[in-house]
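Chains as they are written, first to last, in the UniProt record's numbering: chain W, 1 to 313; chain B, 1 to 261.
Since the hints were made in silico from the structure, they are not lab data. Just so it is clear, the structure is predicted and the values come from calculations on it, not from any experiment. There's no promise every hint is true.
Here are the computed lysine to any residue pairs in the SDA-like style, where the Cα-Cα straight-line distance is at most 20 angstroms [unchecked claim]:
#1 77/W / 14/B
#2 17/W / 57/W
#3 172/B / 85/W
#4 70/W / 254/B
In case you want the letters, here they are:
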Amino acid sequence: MTYAIEAHGLVKRYGDKAALAGIDLAAPPGSVLGVLGPNGAGKTTAVRILATLVSPDGGRAAVGGHDVVKAPAEVRKLIGLTGQYASVDEKLTGRQNLVMIGRLLGMGRTEARGRAAALLAEFGLEDAADRAAGSYSGGMRRRLDLAVSLVGRPSIVFMDEPTTGLDPRARADLWRIVREQVAGGATVLLTTQYLEEADQLADEIVLIDHGLVAARGTPRELKARAGDRRLEIRPEHDTEKAELILAEVTGLTPHRGENGLLSVPLLDSAVSPAVFRRLEEAGVALSEHAVRRPTLDEAFLALTDTTTSGRTR
Amino acid sequence: MTAIPSAGGRRGALAQGMTLAWRSLVPLRNEPGRLVQFLLQPIFMVVVFVLMFGAMSGDPEHAARYLMPGVLTQVALISTNTTGMNLAEDIVNGVFDRFRSMPIARSAPLVGRVTADALTTAVTILVALLAGIAAGFRITAAPLDALAGLALLLLFTLALSWVSAWLGLKAKSVASMQGTATAVLLPLTFGSSAFIPPDNLPGVLRWWSSVNPVSHLADAVRALLTGAPVGTHVWITLACAAAVTACFVPLAVRAYTRRIR
Ligand SMILES: Nc1ncnc2c1ncn2[C@@H]1O[C@H](COP(=O)(O)OP(=O)(O)OP(=O)(O)O)[C@@H](O)[C@H]1O
Ligand SMILES: [Mg+2]
Chain W
1 MTYAIEAHGL VKRYGDKAAL AGIDLAAPPG SVLGVLGPNG AGKTTAVRIL ATLVSPDGGR
61 AAVGGHDVVK APAEVRKLIG LTGQYASVDE KLTGRQNLVM IGRLLGMGRT EARGRAAALL
121 AEFGLEDAAD RAAGSYSGGM RRRLDLAVSL VGRPSIVFMD EPTTGLDPRA RADLWRIVRE
181 QVAGGATVLL TTQYLEEADQ LADEIVLIDH GLVAARGTPR ELKARAGDRR LEIRPEHDTE
241 KAELILAEVT GLTPHRGENG LLSVPLLDSA VSPAVFRRLE EAGVALSEHA VRRPTLDEAF
301 LALTDTTTSG RTR
Chain B
1 MTAIPSAGGR RGALAQGMTL AWRSLVPLRN EPGRLVQFLL QPIFMVVVFV LMFGAMSGDP
61 EHAARYLMPG VLTQVALIST NTTGMNLAED IVNGVFDRFR SMPIARSAPL VGRVTADALT
121 TAVTILVALL AGIAAGFRIT AAPLDALAGL ALLLLFTLAL SWVSAWLGLK AKSVASMQGT
181 ATAVLLPLTF GSSAFIPPDN LPGVLRWWSS VNPVSHLADA VRALLTGAPV GTHVWITLAC
241 AAAVTACFVP LAVRAYTRRI R
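Next up, chain B with everything else stripped away, as it sits in the complex:
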């Protein structure tokens, strides 16, 4: 635990990260109104995509089987937004100046934030799943497969939250972070097989959807939840998550350490 001599104190980098994860979650307890964001959005997505779009198709039950894993993917990925936004806010408010002037591990503020956001993302996914079940979606795979599907989703989300962290640390303001993150996330989520099979799409969209890593994620989650054959989707998704993590963890840590201003 003494890998980082600069960590100081009696506790190591991990404990510091946990303190900062606590710090990121405490506002939810201080002001439970903030929870609405995590509860309302997934329910709304289920209503729109599973119930309303499902009603448009001839076979709502079949549509739910296709759309619900897509909604889970969408909801999880969009939730990574908060990581970067909170970091950008910490920079603007000078909170990071305080942390950087303290004898704590360089990674602690980022690890704390990402850990806290992984927890809220897990809650968001769970709420969406419960709403989906209420809307008629059924998990038809073996329990372990279904769990693996949810774990895969969380893992990919975790990888993406490091991209979000990097964007947040680079952004000039909270608003510009939000803009950039939306510009990245919308084509990734909507331009995937989450809601519409690529085969049904025209020209460029079809090409984009078929190369989009999120399509593999959505297909893998769908297969694991419904007991369909997973093919190579799981491995491609894992490889993408590993690659993104390997790139963006160092990038984010460097952006944090770099002495800006």
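If we strip away everything but chain W, and leave its shape as in the complex, we get:
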């Protein structure tokens, strides 16, 4: 068994629409695989297939070396799942939720209580531990959901958009928890819509759209291809002149946006002072300038279609 998570040509159709149109995934043990993609890309569908909740219409997948269709029971012994929407029992308290899962996994009463207390502390839920989960805020609910999925110390963890709806601090906490899981030897597959998150956590990123893999690679590789940051300028006039200068200094073809907005990928921070100096020398006044990180959409465009990325090299 070389991969903890492995999928080949996964297909899932809903009606005549393909949620997954044949994707391959692979995560070695102890790594974090980030599955990145916009709404409707097929992230949740992929996670649900790997977590044995949905059967694929084509292709095959193995988790911990066990086929998800032929040996779902074996797979379930290894995995922890945090779904896209928190799946806690709202009528139970946080503690009761955790104890219930521990008991279901075969722990004795004392062991289950101990594990629940430890997780409540780790996830900062001690104050709310004995309140019904239905009264939790969205972020608390997510944290409880995550804690619940870790009760059995799974060696393979699936997290579907674990940080959507979390405030920055809770997000940082979650990142810490993911890293701890990995340090403890677990393999994590997490989906996200945030490039930054995948960048922070993932060893390898798979970018999917419309049920197909659009790009894959380490965060470094993908960012280099996406152009990471972009330099944007909006000249008050002389747009043509500014465009020439921008091209000359950066060696890239600037992208022309609305209202004379020009932008180029910023591969080297020293480039922007040089651009500004040359523009000043040429007497081009700017009404606006900024260095911007690419949005997922832009990264996505850049990664899926190199002809629109503005590269000339």
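Assemble chain B with the ligands onto chain W, guided by the hints.
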């Protein structure tokens, strides 16, 4: 206890079912306000059917003897609603996704729910019976016969809660489950001999009431509580309960296992 290798852990399917029954009952302890549902409804039914309808008839005592077993039947069967509703809620809330991704027996979430609901149904029946006794109803059969009557009622209810479970697992939402269950339960309970003898009914209603299995149940419960001859009602009721269980336990388990969505 290792019939289901997928059960995992040190405990078997039964223990998992009991954990989940505990989980279904705990909300009542967390929030005792939920108990009102189990206490108020049976009392209300006794007030309306035994006291008010009884007062309308010339002979309230005689009416109570007929109506009270009907109220018990009605109250018990309506309580099966909660099984399907709670299951539908578990699906909508994603709780079942969690269970299905865990190494536990396929039957455990259903067995847990049905067991918990059987307990609350027993309480509901008991409350109704106490209210009925306060309203003037008397058990005139031998204690064992009366117990057999209550046990028969509980058994039939248990069978029906698997139908409710199946409906709940198939439903798209909690509200649609409730709608379907009501559409099934109302004709079954009110269109039976629970409150009115079929002989007194016109045409189609009379026919429906006489073929309705709930009529046999109500008649059997009535006979067992009041010491009247039971005839074939008990056997027909047992046969119905067995048939319903044999059909709907596998159907419900399959609906649960089927990988929806
Ligand atoms: N049960 C279903 N029935 C019909 N279509 C579905 C179902 N589940 C998913 N789909 C469709 O499959 C596609 C992929 O959905 P999926 O939920 O996997 O996307 P996602 O990447 O998780 O999106 P999001 O970021 O919005 O969560 C979507 O077009 C969706 O409408
Ligand atoms: Mg999703």
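Now for the hints, and whether the structure bears them out:
Restraint check: the Cα-Cα separation between residue 77/W and residue 14/B comes to about 18 angstroms, which is no more than 20 angstroms; the hinted pair holds. With a CA separation close to 12 angstroms, the supplied pair residue 17/W and residue 57/W stays within the 20 angstroms bound. At roughly 17 angstroms between alpha-carbon atoms, residue 172/B and residue 85/W fall within 20 angstroms of each other, so this suggested pair holds. For the given pair, residue 70/W sits about 17 angstroms from residue 254/B by alpha-carbon distance, which is consistent with the 20 angstroms threshold.
Of the numbered hints listed earlier, not one is contradicted by the structure.
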